[in-house]
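Turn these sequences into a full structure, and let the hints guide you.
Counted the way the working numbering counts, the sequence shown spans residues 219 to 328.
These are calculated hints, taken from the structure and not from any lab test.
Among these hints, one or two may not hold up.
To be verified - Below 27 angstroms or equal to it, Euclidean Cα-Cα: the simulated DSSO-like pairs (lysine-lysine) are: (1) K231 <-> K326; (2) K273 <-> K230; (3) K231 <-> K273; (4) K326 <-> K273.
The structure presented is a predicted model; accordingly, all values stated were derived computationally and were not measured.
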Amino acid sequence: MARRIGDLLLDKKASDVVILDMRGMTSYADYIVIASGESDRQVSAMAENVQVQLKQGAQPLRPISTEGLETGQWVLLDYDDVVAHLFNGEVRAFYDLDGLWADAPRVKLA
219 MARRIGDLLL DKKASDVVIL DMRGMTSYAD YIVIASGESD RQVSAMAENV QVQLKQGAQP
279 LRPISTEGLE TGQWVLLDYD DVVAHLFNGE VRAFYDLDGL WADAPRVKLA
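Shown next, in the form of structure tokens:
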């Protein structure tokens, strides 16, 4: 599912999409997907695309929780084993989740 979310983010021109393998490192998720958008509107569109496409799949999926859709600066989509953090560039740099989890194995998507 993390790869599917990453691909859906790329469909909306997300940049710097990274999947962190958190198995054995956290109790709340197996994977974290981190991506950036160039504007608050793009970040919101990225999140909406993920939600719509996963809900329409063969096995409809809905997030357990969402945060930040109103502002689009930092959107969190919690799909239980996979948590996606979608940022505008400045907010991503400020919170530096990439650095926080620097020791996690990662896959960078194109």
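(message) Tell me the hint numbers this structure goes against, listed in increasing order.
(response) When the structure is compared with the hints, none of them turns out to be violated.
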